[in-house]
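*Asks:* Each residue of the sequence shown is one higher than the one before, counting from 66 in my numbering.
For the record, the hints were derived by calculation from the structure and aren't laboratory data.
A few of these clues could be false.
[Stated by the list, open to error] EDC-like cross-link-like pairs, simulated, lysine to aspartate or glutamate; straight-line CA separation at most 16 Å:
#1 K493 to E477
#2 K396 to E415
#3 K496 to D523
#4 K541 to D505
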Amino acid sequence: MDANASSGRPINMRRMNHIDHRFKRLNPPQHSKPPPCITTNLAASLATNSLTGNIPTTLGSSSSLRSVVLVNNSLTGHIPPLLANSSSLQLLDLTNNRMSGEIPSALPNSMSLQKLSLGMNNFVGSIPALSNIGPPLQYLKLQSNNLSGTIPSSLGNFSSLRYLLLGDNNFQGRIPMSIGNILYLRVLDLTYNSLSGTVPDTLYNISSLAYLGMGMNILVGEIPYNIGYTLPNIQTLIMQGNNFTGQIPISIANTTNLQVINLRDNSFHGIVPSFGTLPSLVDLNLGWNQLQAGDWSFLSSLTNCTQLEKLRLDANNLEGVLPNSIAGLSKSLELLLLRSNRISGTIPLEIQYLTSLRRLYMERNLLTGNLPESVGNLSNLFVLSLYQNKLSGSIPLSVGKLSQLSELYLQENNFSGPIPGALAGCKKLEKLNLSCNSFDGTIPKELFSLPSLSQGLDLSHNQLFGHIPPEIGSLKNLGPLNISHNQLSGQIPPTLGQ
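Please model the complete structure; the sequences and the hints are all you need to start from.
*Replies:* So, in structure tokens, the structure goes:
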């Protein structure tokens, strides 16, 4: 199963500069007319090559050097002193190399440098001691290194900062209250560190923030009830993987620019708020909390979120019956994750209208009744996971219409009847698990016409009888095979050796 969708704990996507990507998309650079080529304004751009070795020690010796961009290479070694101490440098971008050592203290304290990007390297040590003067730095990007220590409170003196990216390091201690002094900060990323304590109230008052990432730390406390008013420009809110408690403030629904809400893996409780007033919402991730569905009106409200692509509500306490209003969810919805919620009742027939759905996870619930024939209309389905429910009846022949299906998990239910040969219509099927049901009849030889079946075939703990079809030898790419605990008879076909 897809790790990002099904795993209860998120994976650290180290070296992935997703924040830069998101904000380049949201805020494309404004290209002004280039200045005339004059020798007093030097720029060095050797980006996106396969350059190795150290940066030359002479780079930075010119008093006319304004810009150095060496992003996306394989450079090693330290930042040379001449470059670090340049009094004319305005832009230094060394992102995505293999550079090491400590960050020279002269760089963040430079009175000329406006953009400093050292992300995705191997720099160590702490953030250097910072000046109280407040240099003109607008971009400070140090994400995805091996930096440690505490975040210095003197960062609050950098009043010109717009982007502050410190994620994916080893920072500890509390988030400095002084960060709230950076009044025009647009992007703040502190994810994947070991920051602890409560979040300073001042941080929630930076009204210019469009991106706030605090996920994967050890932070505690509650989200302020008025966050929807104090962060009116927020577009991405990531608080995943902490120890936050309390209820999710309903005021979040007032931040009409929100595109991503990720509060996964905390201890939020109460009823899921209605987010139908967020027309730009693309990704809602509330999994692994203690949330309740109430009357499920929150789901009906989401029908107004026409851009919604991912809805993750797994491992909560939703309970109750899944309403038919699911049919009104966004036609752009690609991921629906509802597992481990004690949801009862039947699977709504109206699920067929989610025609863009690629991954549907509803396992570990209390679902009853049949797998609806209408599931065959989900022509883009890549993963269908319904294991550990109380579903019964036979597998509808319409499942064979799912030509994009790669993984099918129906184990540990009460399905019966023969395994349909129509499953051979799933030409891209890589993994099939029908174990621990009451399927009977013979194993359909059509199953063995799927060369894509490579990740596993499990038909164990059923009531299958007859011979093992010799066509089983056609599955030359198959890994795990389990057809134990059935009523099969006859000889083991020699083709199994293939």
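*Asks:* Which numbered hints does this structure break?
*Replies:* Hints 1 and 4 are the ones this structure does not satisfy, whereas the remaining hints hold.
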